[in-house]
Amino acid sequence: MSINIQEVANLWKEDEPKYTELGGLVAAFIKKEIAAYEILPEVTHRPKELLSIIKKIKKKQREKQYNYDSLNDKLGIRIVCTFIEDLEKVDTFLKENFNTKNIEYKKEALDFDRLDYISNHYDASIKTELKAFKSWDKYKDLVFEIQVRTLNQHAWSNTAHSLSYKQEAEIAPPLKRRVYRLLSLYEIADDEFSAVNKALLAHPDNRVYSLLRKLEGKIHKFAQVDFDRETSLYTLKILINFLSEDEQQQLLREIDEFIRINEGKIQSIFVENQIRYHEIPFLTQPEIFVVWFCLEKFFFSIDDNWENEFDRSELEQIQALWAKTIE
Amino acid sequence: MAKKVDLQTISIENVIVHDLPKHKKGELSILPNCSEKESKLTDGLKLFFKDKVIQALASDKAFKVSFDPDNDSPVSYLVTDMLKSNCADLVTSSTAIAKQLFEIQVGNNASGILVIMFGKINSCGICIILKLERDQGAQLKLDPKTRSYNIEEVKDLMLTQKTKIYKVALFVLKADFSVKFDGMVMDYQIDVKAKKEVVTFFIQKFLGCKPFEEPKITTQKFYNYTRAYIFTIADDILKAKYLQDLNSYIQKNTTIINPREFADDYLKSSHKNNYKNFLEEKKFRFSASPKDIHLINNKIKKFIVVFENDVAIISNKGNFDNKVKMEKLDNGLTRAVVTSKIKKLQ
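Heads up: the protein sequence lines correspond to chains A and B, in order. In terms of this note's numbering, the first sequence has 42 at position 42, counting the first letter as 1, and numbering is strictly consecutive. One gets this note's numbering by counting positions in the second sequence from 1 and adding 1000 to each.
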């Protein structure tokens, strides 16, 4: 079977703008909606280059019947997560929000004594019944590939690519062994980061850290931006010191429930004030939840001490956002 | 389910600005400079004014009001018409409100800017009246083309502190929210520490309002709820001190009661938070209100401590703390020492 390169080039010339537009649409949707899962992964999109398309068709044609239409990765969406447990959240998200098929969990396909590139791959198309895609019916049949990996898997994949790891045949066994030894470290790193993350979340001694780990997902969810960790640690340390021992314990115990109960209110504050995050940077930091919680439960602990460390107008602004009901 | 007057859901939709120059009574040559059109609002400006309104109404100088049927001010029906018509004619109704303020103002009132806004809370109409007092140099320019003031300039004046003391009123239609009050007002001229009147010129003469609840009822509630909170404290000696403090606070020569002030002046830090939460659970606002001790007069004159051995100490005037030294003993009993001359035995 041969490939008509000109025909493929013509087809791709016509299709590429569609896939580019679809890529932007899908990536923006994922970035916005996945925040609800309290993660803020890096989401990128890229249409395939003509050369790659032709090479892939030629390669596949050596194995089976394959043509331009068989190609399911003309558009690639890549989601890079911080922790390995995030992959599960992304999996749920993708299955809920896209038509998915040919799902490959590469790790599951590997034997216990094998090391290889591991990530999750999905062939997907948009669900036009979703509000965000309702007016994009024209793209409902376009299939694209979503790759989901951790930062370590991503690093490995990129490095291995530049070491031409995929062309295994050309690598001498001792060198190949060195590459595989490295790969095992990446996999161990993922597991270790995950274990440390879980341990820190449950760490009872460092309240500032525990609090920050509890809240960082929430700020991703509501503000949909990343925050400054140094500022958070500095501010939380001060805020915690405003509180008595009992109040600190209550804060750690009840902050999750407080956010859950007030979810609607919190959501509308963030949506309404998104246009002025730059005017209220505090709103994009996880410690905002602590201040709101304390204003409700331990008003004086915050109010009496605030001016020793911060600007009074900042507290007034935060209070105004957390406006109350006149009863 | 009845809608709530949830300030967080305020959205400001229309705004108009009127400029009221300083003038003497009967001085006919000076007239208010009223806009003939609404000002344009950006999303940023809407949020700015929303913040300012909420901050004002969250202060301890804010309280709920009702329109006083015995008051001559036309503001009540102008506001009610505006709300009932869903702001059909903001220019006309706001101009009438501005003229009312201009007419009742006399020379000692600073020149002012009146900002009248229409908006929504939980989809129901609200009217907000904001009065700013401005410095002499802080002049607004009426755009000759649009015949309106630029609201951005008002924001700039507020940010550069060229406007002083502002007053805010927010009105709703009672039926929309199934509430009994007409609105809430805040006047920065109410100086809680200086013990000035809570009901000011702005609130009474201009808006034609009175406190929603009779001061004697509010004062009685404050007294009863505060006592109830004090009785939740386990330490008997501290409890006795706080009760005496409450009596002293109520009997102070002032025209207001303010739980925030009571907490700041008398309660330990550890009790302040609980006291505030306790009052909020009782739906009692943590802010200043006019004081009237009529209903509690008999209760606050005397302070009585009754011991389990049937001995009682009665103090008729304040400063119980200075007259009776109470001390907790290791065995759980309390020792009370009175050092004075015996005045009477019966």
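Do not take every clue at face value.
Unchecked claim - Restricting the straight-line Cα-Cα distance to at most 30 Å, the calculated cross-link-like pairs of lysine-lysine (DSS-like) are:
(1) A:Lys218 <-> B:Lys1046
(2) A:Lys32 <-> A:Lys106
(3) A:Lys32 <-> A:Lys127
(4) A:Lys32 <-> A:Lys64
(5) B:Lys1301 <-> B:Lys1252
(6) A:Lys131 <-> B:Lys1283
(7) A:Lys221 <-> B:Lys1216
(8) B:Lys1282 <-> B:Lys1252
(9) A:Lys324 <-> B:Lys1040
(10) B:Lys1155 <-> A:Lys265
(11) A:Lys324 <-> B:Lys1221
(12) A:Lys265 <-> B:Lys1252
(13) A:Lys297 <-> B:Lys1205
(14) A:Lys131 <-> B:Lys1120
(15) A:Lys297 <-> B:Lys1241
(16) A:Lys297 <-> B:Lys1283
(17) B:Lys1084 <-> A:Lys265
(18) A:Lys32 <-> B:Lys1241
(19) B:Lys1052 <-> A:Lys221
(20) A:Lys32 <-> A:Lys176
(21) A:Lys324 <-> B:Lys1205
(22) A:Lys324 <-> B:Lys1174
Simulated from the structure, these hints should not be mistaken for laboratory data. Note that the structure is predicted; figures quoted are calculated from it, not measured.
Status of each hint after checking the structure:
Between the alpha carbons of Lys218 of chain A and Lys1046 of chain B the distance comes to roughly 27 Å, so the proposed pair stays at or under 30 Å and holds. A distance of roughly 27 Å separates the Cα atoms of Lys32 of chain A and Lys106 of chain A; the hinted pair therefore holds under the 30 Å criterion. Restraint check for Lys32 of chain A and Lys127 of chain A: satisfied, since their Cα atoms lie roughly 16 Å apart, inside the 30 Å limit. A threshold of 30 Å between alpha carbons decides the hint, and for Lys32 of chain A with Lys64 of chain A the separation of about 39 Å lies outside it, so the pair is violated.
A hinted pair counts as satisfied when its Cα atoms are at most 30 Å apart, and Lys1301 of chain B with Lys1252 of chain B qualifies at roughly 12 Å. The suggested pairing of Lys131 of chain A with Lys1283 of chain B is violated, with an alpha-carbon distance near 41 Å, which exceeds 30 Å. Straight-line distance between C-alpha atoms of Lys221 of chain A and Lys1216 of chain B comes to about 48 Å, which puts the hinted pair past the 30 Å bound. With a CA separation close to 25 Å, the supplied pair Lys1282 of chain B and Lys1252 of chain B stays within the 30 Å bound.
Distance check on the hinted pair: Lys324 of chain A and Lys1040 of chain B sit about 28 Å apart at the alpha-carbon level, within 30 Å; holds. A C-alpha spacing of about 27 Å is found between Lys1155 of chain B and Lys265 of chain A, which places the hinted pair at or below 30 Å, so the restraint holds. Straight-line distance between C-alpha atoms of Lys324 of chain A and Lys1221 of chain B comes to about 21 Å, which keeps the hinted pair within the 30 Å bound. Straight-line distance between C-alpha atoms of Lys265 of chain A and Lys1252 of chain B comes to about 41 Å, which puts the hinted pair past the 30 Å bound.
The suggested pairing of Lys297 of chain A with Lys1205 of chain B is violated, with an alpha-carbon distance near 38 Å, which exceeds 30 Å. Our distance criterion of 30 Å between C-alpha atoms is met by Lys131 of chain A and Lys1120 of chain B, whose separation comes to about 27 Å. A C-alpha spacing of about 25 Å is found between Lys297 of chain A and Lys1241 of chain B, which places the hinted pair at or below 30 Å, so the restraint holds. Using a Cα cut-off of 30 Å, the hinted pair Lys297 of chain A and Lys1283 of chain B holds, with the two alpha carbons roughly 15 Å apart.
Restraint check for Lys1084 of chain B and Lys265 of chain A: the C-alpha separation of about 28 Å stays at or below 30 Å, so the hint holds. Between the alpha carbons of Lys32 of chain A and Lys1241 of chain B the distance comes to roughly 56 Å, so the proposed pair goes past 30 Å and is violated. About 28 Å separates the Cα atoms of Lys1052 of chain B and Lys221 of chain A, which keeps this hinted pair within 30 Å; it holds. Our distance criterion of 30 Å between C-alpha atoms is broken by Lys32 of chain A and Lys176 of chain A, whose separation comes to about 41 Å.
A threshold of 30 Å between alpha carbons decides the hint, and for Lys324 of chain A with Lys1205 of chain B the separation of about 28 Å falls inside it, so the pair holds. Between the alpha carbons of Lys324 of chain A and Lys1174 of chain B the distance comes to roughly 18 Å, so the proposed pair stays at or under 30 Å and holds.
Of the numbered hints given earlier, the model fails hints 4, 6, 7, 12, 13, 18 and 20; all others are met.
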